[in-house]
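J.: All chains, please: the whole structure from these sequences, using the hints.
Residue strings, one per chain:
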Amino acid sequence: AQSVTQPDIHITVSEGASLELRCNYSYGATPYLFWYVQSPGQGLQLLLKYFSGDTLVQGIKGFEAEFKRSQSSFNLRKPSVHWSDAAEYFCAVGNTGFQKLVFGTGTRLLVSP
Amino acid sequence: EAQVTQNPRYLITVTGKKLTVTCSQNMNHEYMSWYRQDPGLGLRQIYYSMNVEVTDKGDVPEGYKVSRKEKRNFPLILESPSPNQTSLYFCASSYDPGGKYGYTFGSGTRLTVV
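These protein sequence lines are chains A and B, in that order. Per this note's numbering, the first sequence runs over residues 2 to 114. Per this note's numbering, the second sequence runs over residues 172 to 285.
A couple of the hints might just be wrong.
Listed below are the simulated SDA-like cross-link pairs for lysine to any residue, each with C-alpha atoms no more than 20 Å apart in a straight line [said to hold, decoys possible]:
| hint | chain 1 | residue 1 | chain 2 | residue 2 |
| --- | --- | --- | --- | --- |
| 1 | B | Lys242 | B | Val185 |
| 2 | B | Lys271 | A | Thr56 |
| 3 | B | Lys271 | A | Arg109 |
| 4 | A | Lys50 | B | Tyr266 |
| 5 | B | Lys271 | A | Gly60 |
| 6 | B | Lys271 | A | Ser85 |
These are computed hints drawn from the structure, not numbers from a lab.
T.: Written out as structure tokens, the structure is:
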């Protein structure tokens, strides 16, 4: 069965520092990959998605993610974190024929001054 | 505006008292789904529907019912809620459950069962 692993439950980053959130997936073919962000008390907002083509994907709010097939990874990056980026981040996998998106357990990002 | 509307946003209820969480979408999506979000577990699918009158169980369907009598509506029913159903619930809709055309999520319903 398909699965998504986000190995970091919490990450603390200083404001202005760079960020990388890890995501590994388990799926036999090339999946659709997504990163969602959930701010406190809010719903889910799509940051970016990968279907095919260029493995470096640009998203909203200055985020990017890189698909690495050999590592089954889709890590999220941002060069300079802002205090407003403090939120929970979810990686998800899908594909044609799926009946749902499969989500990871999430990584909570804390931003220190 | 394209959206998925869930109601209520917050609900506190007592064990055993039947409740319904409504979900409505205005995008003519065939696919709709309910997820629950719990700390450390991410989002898990409860039920989904591929079209009117077509519903199926997700990963955690126990204690829940759904119906899809109209394309736009997909209510989640808890006939006898229990404290372990305290959670944050999201409704979602899409043209494609695999995600190719994106998902639209509702704002969530935070349910507390005491």
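J.: Now tell me, hint by hint, if it's right for this structure.
T.: Outcome of the hint check:
1. B:Lys242 to B:Val185: violated (31 Å)
2. B:Lys271 to A:Thr56: Holds. B:Lys271 to A:Thr56 sits at ~16 Å (cutoff 20 Å).
3. B:Lys271 to A:Arg109: violated (26 Å)
4. A:Lys50 to B:Tyr266: Holds. A:Lys50 to B:Tyr266 sits at ~16 Å (cutoff 20 Å).
5. B:Lys271 to A:Gly60: holds (16 Å)
6. B:Lys271 to A:Ser85: Violated, at roughly 29 Å.
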